[in-house]
Structures are given as C-alpha cells and as structure tokens.
Amino acid sequence: MAQVTMTVNGKAASGEIEGRTLLSSFLRDQLKLTGTHVGCDTSQCGACVVHVDGVAVKSCTMLAAEADGADVATIEGQANADGSLNVIQQAFQDHHGLQCGFCTPGMVMSAAALLKDNPKPSESDVREYLEGNICRCTGYHNIVKAIMAASGQDVGAIAAE
Amino acid sequence: MYNFEFAKPSSVADAVAALGEEDAQALGGGQTLIPTLKQRLASPTKLVSLKGISEMQGVCTGDDGALCIGGATCHATVAAEAGAYPALASTAAHIGDPAVRNRGTIGGSLANNDPSACYPAAALASGATIVTNSREIAADDYFQGMFTTALDEGEIITEVRFPVPEKANYQKFVQPASRFALVGVYVAKFADGVRVAITGASNDGVFRWAEAEAALSANFSADAIDGLSLSGDDMISDLHGTDAYRAHLCAVMTKRAVAAAA
Ligand SMILES: Cc1cc2nc3c(=O)[nH]c(=O)nc-3n(C[C@H](O)[C@H](O)[C@H](O)COP(=O)(O)OP(=O)(O)OC[C@H]3O[C@@H](n4cnc5c(N)ncnc54)[C@H](O)[C@@H]3O)c2cc1C
Ligand code: FES
Ligand code: FES
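From first to last, the protein sequence lines are chains A and B.
Under this note's numbering, the first residue of the first sequence carries the number 71, and numbering increases by one thereafter.
Under this note's numbering, the first residue of the second sequence carries the number 44, and numbering increases by one thereafter.
Please note: incorrect hints may appear among the correct ones.
With the Cβ distance kept under 7 Å, some of the chain B side facing chain A (calculated, not the full set) [as the list claims (entries may be wrong)]: (1) N46; (2) F47; (3) F49; (4) P52; (5) I77; (6) P78; (7) K81; (8) L84; (9) N145; (10) R146; (11) P206; (12) E209; (13) N246; (14) D247.
As a list, the in silico DSS-like pairs of lysine-lysine whose alpha-carbon atoms are at most 30 Å apart [as the list claims (entries may be wrong)]: (15) B:K51 x B:K94; (16) B:K81 x B:K94; (17) B:K210 x A:K102; (18) A:K190 x B:K51; (19) A:K81 x A:K186; (20) A:K186 x B:K89; (21) B:K51 x B:K89; (22) B:K94 x A:K102; (23) B:K51 x A:K81; (24) A:K102 x A:K186; (25) B:K51 x B:K81; (26) A:K190 x B:K89; (27) A:K81 x A:K102; (28) B:K94 x A:K81.
Derived from the structure by calculation, the hints contain no laboratory data.
By construction, the Cβ of each residue, glycine as well, lies at the ideal position given by its N, Cα and C atoms.
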C-alpha cells in the first residue's frame, strides 16, 4: 500500500492505494465520488472521463498512483458555486442530451475539455471529439446539440435527423 | 487485475535499473497495458512508469533536420507540436480518441507493435530510427511481426527520430468499434524514392509494399497504382473484414494517400 495525495475538485484528497488501484476506483470507492461511471472493461466507452491537470483522460485507464500530486476534476465539481447547473449541464437538460444518464458524466467532462480548447466548435468538431464517448440511448444528436448550445451557438438549424 | 508494485523513476538510468528486476514491466500511457492487465493477460510484479522522465518528453528538430520525439511523449503533444512534419502530426491526431491521445505514448505504441496500430506505419514509411537506452535501431530492422519487435527485455524506447519527407500522407480506414486501422497506408516521398508502409492488413504486422514503392518512385501519382494488387493469402481475416477485402483496401488506401500527398 502507498499513500497518494491529489487535488480533487479544488480540495485536497488523499488515501492508501495498491499499485493496481485505478483512478476511477480511487474516486468512486475511496472518495465516494460515484458520479464518475465505469461502463466497460476495454477503455472504449468514456463514461469514466475526468480531467487530470486540465486534460480529459479515461480514469479507468490510469493508475491512481499516476495521479499523485495531480489536479483532478470530476463531474461533482462542475456545478456553479451556488449549486446550479453549469452552462454545459444546463444545456444537456434543455436539449434532452440524456436519457438514462449513464454516459452523461463522461459526456459533460469531454464537452468541457473540448470547449476549453475550442470555444466555438463546428458540429463535426463536436462529433469527432466525442469519438471515445459511447451513448446507448440518445443517438448522440441531442448531445451534440447541447454542446453546440453550450458554446453559445445557434442550434435552431441543427434539425433532428 | 493482479496486484503489482508501482515505481515512477525520474531518469532513464533509474528506469532501466528498475526494469532489471524480474517480471518488472514498463508503463507508458497504459492505454494498451492497463486493459491487458484487466484481462489478466499479463502479470508483472512491478510497473515502472516512464511518465516522470523529463528527458523522454517532447518534440524537437535535430541537427540533421529530423524530427525527434521523446519516447514518453503522448499522441496529443505530437499532434500539437510536430508541425514540422504535418503528416505525422495528423496521424497522431487521429489515433483513438482525445482521452486516449492525452495518455498514450509513441514509445508504448511502437513497443507494442499492434498489427493495426498507426505509428508503426508512420515509422516504417518514414524510415525512422528507434532510439533506446542502449542503441539505435532502423525501422526496417525494428518491426519483426505481429506484437514482435527488436527490443530486448527491459529495453526502453527513449526517442524516435523521423526524417521529414518531401511529401507524405497517412490514410486510415477506421475500424469503427476499436478506432484502430482496419487498413492504414502511410506513403512518404523522399528525394531518393518513395516508401509505402501498410498496417492493419498482414498477419505479420506492418510491412512495406515494394511493388507500389517502385511504381511510385517512377511516377508519384495515384494512377501508378493501377493494376497493382496484393495477395490476401497471408492477411488478417476477422468479422470486420476478410483477407480479400483487406488486400483490396491496401491498394485503395495507397491511392488515396498518394492523391492526398501529391
Ligand atoms: C479506445 C482506444 C483506441 C485506440 N485507437 C488507436 C488507434 O487508432 N491507433 C493506434 O495506433 N493505437 C490506438 N490505440 C492504442 C494507443 O495508441 C496506445 O496508447 C498505444 O498502443 C500504447 O501506448 P501506451 O503509451 O499507452 O503504452 P502502454 O499501454 O503503457 O504499454 C504498451 C506496451 O509497451 C511497453 N512500453 C511502453 N512504453 C515503452 C517504452 N518507452 N519503451 C519500451 N516499452 C514501452 C509496455 O511495457 C507495454 O508492453 C487505442 C487505444 C484505445 C484504448
Ligand atoms: S469505463 Fe473507462 S472507458 Fe469505459
Ligand atoms: S443517456 Fe443512456 S447511455 Fe447515454
């Protein structure tokens, strides 16, 4: 067992881990931040996406030990300070960007990473960026629409296909 | 996943020493190794992370004009910083998805030598040099079949040097579930000839298509491929595509790469 310390959603967090402890397990099982979902065993679904030092990573495919000293952001830290939904979360609600909600934490974290680098993405930029985030419910269309809306762009023209 | 110890040395020398222990294994970005460990297909006693070694990070241009990429540089950094070799930057920008690109490394990809991976085609077509802690290996000698390379036990890829071609392009026919190449073709035109490397197709891993190289060295246009074909006899056949389909794609993707490069 080894000790790790990191900043999670702005607060210091530490715990005892094994070599094999995944960042997703550390967040969910030790810090009880169960908003980060684990949807697969093959690093393909993206439900577990968090930000580590500002970039999107699959927390199921990174050892907790590798995040020692890192700045980690999860879905639990995304809401505004007063507890209201942030712009991306609100857009998901407004545009029906979720159904069962299982993929949503990863979708929101990927969207946040995209908009940080590319504040006004095109529709194809959004679709390309979400290649590693699988949704089995929505057909993606309203997710794309929500992210376009969150970037402040007019989504009236994005008709349902 | 079986348990293991974790170490994160800050120099190549310390990493090599740590890898000298029995059943120790290098950890790059973990984008292949961690899923493999989850399936219990590997059981190292110790993982030695290469991510803390600053001398293995980043992209620069060498004295001979070659693009030098640190072995632990992630795909996203290559995509952003390999502007001196646009076809390579674009190849890196289309590996997997953004989260994979933020962790996965060039050294890990070349060490793994997945038969459908992108960097092996880039390295072979470019005539890259694989630099390790102990030697330099020409790409032509490095790739030795599916998941097999010239690396010795415990040897670390510290840098990869890419000569920059006059023209180059990589065309990947994406296998949509895995995002790897169903077939990918990398074409590189140098002053002294053209090199064509194909990934995703052969049971022997990445290979050069000599016939297409000769034709393109004489006439660098997509038409030069007309009438050329590869046999599917020794190609991968799976539910995503038969051997004959892959053989057909090899020629189609070569043409597209030449058209895009020319
Ligand atoms: C969803 C998904 C999609 C992907 N899509 C693609 C794709 O389209 N194209 C593509 O090419 N790849 C793809 N990959 C693979 C990805 O590029 C991996 O990052 C890469 O294959 C392995 O690099 P790594 O740094 O993660 O290595 P690791 O997983 O850490 O290690 C892989 C192997 O290399 C060894 N190793 C690691 N670094 C070194 C080094 N510097 N020297 C010597 N040995 C080393 C390890 O011991 C291990 O055996 C995908 C992966 C995922 C999960
Ligand atoms: S749980 Fe991480 S990619 Fe599926
Ligand atoms: S809303 Fe159900 S998986 Fe995306």
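Structure-based check of each hint:
Contact between N46 of chain B and chain A, as hinted, is supported at the beta carbon level, the nearest pair being about 5 Å apart and thus within 7 Å. A least Cβ separation of about 5 Å between F47 of chain B and chain A falls short of the 7 Å threshold, and the interface hint therefore holds. Evaluation of the F49 of chain B hint against chain A yields a held restraint, the C-beta minimum of about 4 Å falling below 7 Å. The interface hint given for P52 of chain B is broken, as the beta carbon of that residue sits about 13 Å from the closest beta carbon of chain A, more than 7 Å.
For I77 of chain B, the shortest C-beta to C-beta distance to chain A is roughly 5 Å, which falls under 7 Å, so the interface hint holds. Interface restraint check for P78 of chain B: the shortest CB-CB distance to chain A comes to about 5 Å, inside 7 Å, so the restraint holds. With a cut of 7 Å, the hint placing K81 of chain B at the interface with chain A holds, because the nearest CB-to-CB distance is about 5 Å. The interface hint given for L84 of chain B is violated, since its Cβ lies 12 Å from the closest Cβ of chain A, which is over the 7 Å cut-off.
Of the supplied interface hints, the one on N145 of chain B holds, with its beta-carbon coming within about 4 Å of a beta-carbon of chain A, less than 7 Å. Given hint, R146 of chain B at the interface with chain A, holds; its Cβ is 6 Å from that chain's nearest Cβ, closer than 7 Å. A least Cβ separation of about 30 Å between P206 of chain B and chain A goes past the 7 Å threshold, and the interface hint is therefore violated. About 29 Å separates the beta-carbon of E209 of chain B from the nearest beta-carbon of chain A, more than 7 Å, and the hint is not met.
Interface restraint check for N246 of chain B: the shortest CB-CB distance to chain A comes to about 23 Å, outside 7 Å, so the restraint is violated. A distance limit of 7 Å between C-beta atoms decides the matter here; for D247 of chain B the minimum to chain A is near 25 Å, and the interface restraint is violated. At roughly 7 Å between alpha-carbon atoms, K51 of chain B and K94 of chain B fall within 30 Å of each other, so this suggested pair holds. For the hint linking K81 of chain B to K94 of chain B, the alpha-carbon distance of about 21 Å falls within 30 Å, and the restraint holds.
For the hint linking K210 of chain B to K102 of chain A, the alpha-carbon distance of about 52 Å lies beyond 30 Å, and the restraint is violated. For the suggested pair K190 of chain A and K51 of chain B, the alpha carbons sit about 38 Å apart, so the restraint of at most 30 Å is broken. Proximity of K81 of chain A to K186 of chain A is assessed by CA-CA distance (about 21 Å); at most 30 Å being required, the pair is judged to hold. Distance check on the hinted pair: K186 of chain A and K89 of chain B sit about 36 Å apart at the alpha-carbon level, beyond 30 Å; violated.
At roughly 11 Å between alpha-carbon atoms, K51 of chain B and K89 of chain B fall within 30 Å of each other, so this suggested pair holds. Note on K94 of chain B and K102 of chain A: the hinted pairing holds, with a Cα-Cα distance of about 27 Å set against a maximum of 30 Å. The suggested pairing of K51 of chain B with K81 of chain A holds, with an alpha-carbon distance near 24 Å, which does not exceed 30 Å. Of the supplied pair hints, the one linking K102 of chain A and K186 of chain A holds, its CA atoms being roughly 27 Å apart against a limit of 30 Å.
Between K51 of chain B and K81 of chain B the alpha-carbon distance is near 21 Å, which keeps this suggested pair within the 30 Å criterion. Between the alpha carbons of K190 of chain A and K89 of chain B the distance comes to roughly 44 Å, so the proposed pair goes past 30 Å and is violated. A threshold of 30 Å between alpha carbons decides the hint, and for K81 of chain A with K102 of chain A the separation of about 14 Å falls inside it, so the pair holds. The straight-line distance between the Cα atoms of K94 of chain B and K81 of chain A is roughly 24 Å, inside the 30 Å bound, and the hint therefore holds.
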